[in-house]
Amino acid sequence: MSKQLPDVQAGAPDVTVGLSQVGVTGVEKLVKLARNGKRPIVLMAEFDVFVDLPSWRKGADMSRNMEVIDEILEDATREEAYRAEEVCGDAASRLLQKHDYTTRAEVSMEAAFMRRERTPESDRETQHTVDIIASASATDDGTREEIGARVDGMTVCPCSQGMSEARARTALEDLGVDDETIDAFLDEVPQPGHSQRGHATLTVEADGDPQVDLDDVIDIARDAMSARIYNLAKRPDEDHMTYESHADAKFVEDCVRSMAEGVVEEFHHLPDDAVVTMKQSNDESIHQHNAHAERVIDVGTLREEIRSA
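Residues in the sequence shown are numbered consecutively from -15, following my numbering.
Take the hints with a grain of salt, since some may be wrong.
Stated by the list, open to error - The calculated SDA-like cross-link candidates involving lysine to any residue, where the alpha carbons are at most 25 angstroms apart (straight line), are:
| id | residue 1 | residue 2 |
| --- | --- | --- |
| 1 | Lys82 | Asp193 |
| 2 | Lys13 | His178 |
| 3 | Lys82 | His178 |
| 4 | Lys82 | Pro38 |
| 5 | Lys16 | His112 |
| 6 | Lys82 | Leu14 |
| 7 | Lys218 | Arg100 |
| 8 | Lys22 | Tyr66 |
| 9 | Lys13 | Thr123 |
| 10 | Lys16 | Glu30 |
| 11 | Lys16 | Met28 |
| 12 | Lys218 | Asp191 |
| 13 | Lys16 | Lys218 |
| 14 | Lys13 | Lys82 |
| 15 | Lys13 | Pro38 |
| 16 | Lys82 | Ser121 |
| 17 | Lys22 | Ala96 |
| 18 | Lys16 | Glu55 |
| 19 | Lys22 | Glu101 |
| 20 | Lys16 | Arg241 |
| 21 | Lys16 | Met98 |
| 22 | Lys22 | Lys82 |
| 23 | Lys22 | Glu58 |
| 24 | Lys16 | Asp32 |
Stated by the list, open to error - Simulated DEER-style distance windows between Cβ atoms:
| id | residue 1 | residue 2 | range |
| --- | --- | --- | --- |
| 25 | Thr123 | Thr226 | 46 to 56 angstroms |
| 26 | Asp223 | Cys143 | 23 to 33 angstroms |
| 27 | Gln5 | Asp267 | 26 to 36 angstroms |
| 28 | Ala277 | Asp200 | 30 to 40 angstroms |
Since the hints were derived computationally from the structure, they do not count as laboratory data. Every residue, glycine too, gets a C-beta built ideally from N, C-alpha and C.
Take the sequences, apply the hints, and build the full model.
Rendered as C-alpha cells:
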C-alpha cells in the first residue's frame, strides 16, 4: 500500500507574506485563430500563467498546478478562437475556478504572426513578421483582456536632417541659387538624416474584451513611424522607403504621439476606462545607446489631451 505523501504546499510559510504572482512561464501551445471564409491561422504561442497566493499558504501546488494549467490551456486552445485575447481570458477564468485559495489569475501570451502584403512600388507579394501580445486577468468581478502587437519600422532623426538641410541651403546660396528656388528644392527633396530601426508596441486593455481588430492595431503602430519596412525590396521599393522615411522624419516621442492619435481616430467605441500602452524604441545608427519613449494612459484622458491639442 502506498504511503500518503504530505502536502507541504498547503502548510503555513515561515514568513507570512502574500505573493502577487506564482506560476509558470514559457509554456508552449499551438493556438488556432479562426477567420471568416479562410483557413485558420495557427500560432506557436508561449504562455505565462500566474495566480496570487495568500499569506497563510506556503506554496501553490506547483506540480499539481502545472497539471491544471496544462489541462486548462489544452481546453482553451483546442478549439478555434477568433481573438488571441479570448484564449487568455478563457484560460484565466478557468484557472480562477480551479484554485479556491486565489483571488486573481493572470494569463499572457506572445506569438509570432506572419501577414501577407505587397511591396509599395514593385507590387511583389511578401510577408512581414509581427509579435502578437495578448493577456487577461480574472477576478470574482470579471475578466479584463488586452491585445496588441510589437512591429518594426524605420525612423529618421529630424535633428540630424535639420543640420543637413542647413548645410544644403548654405551650399546652394554659395552657388548663387535664389531663395525661392532653394525653398522649392528643399521642399521637394528631403535631406539626409541618420536612420534607425524602430520597434513600436501598441496594446489595448479593457474590461471583458477590447473588441479591437488586431490588423488595425498593427497598422496604427507601423504607420506611427517614419516609414514601413518590407522583407522583400526591389530597388524601386528601396527608393520608396528611403524617400518616405526622410519625408516624415520623427523622434521616438513623435512616434508615440502618432500612435496616440491613431488610437483615438480608429477606436471610437473604446470606453474611457480602457487603457492604452504605447512604446517606441529605436536602435540608433550613430550612437552606442538607443532611444525610447512610452505612454500608458486611459482612453478618456487620451481623448481629452488630443482634443485640447
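Quick one: which hint numbers does this structure break? Sort them smallest to largest. Those not satisfied are hints 2, 3, 12, 13, 15, 20, 22, 28.
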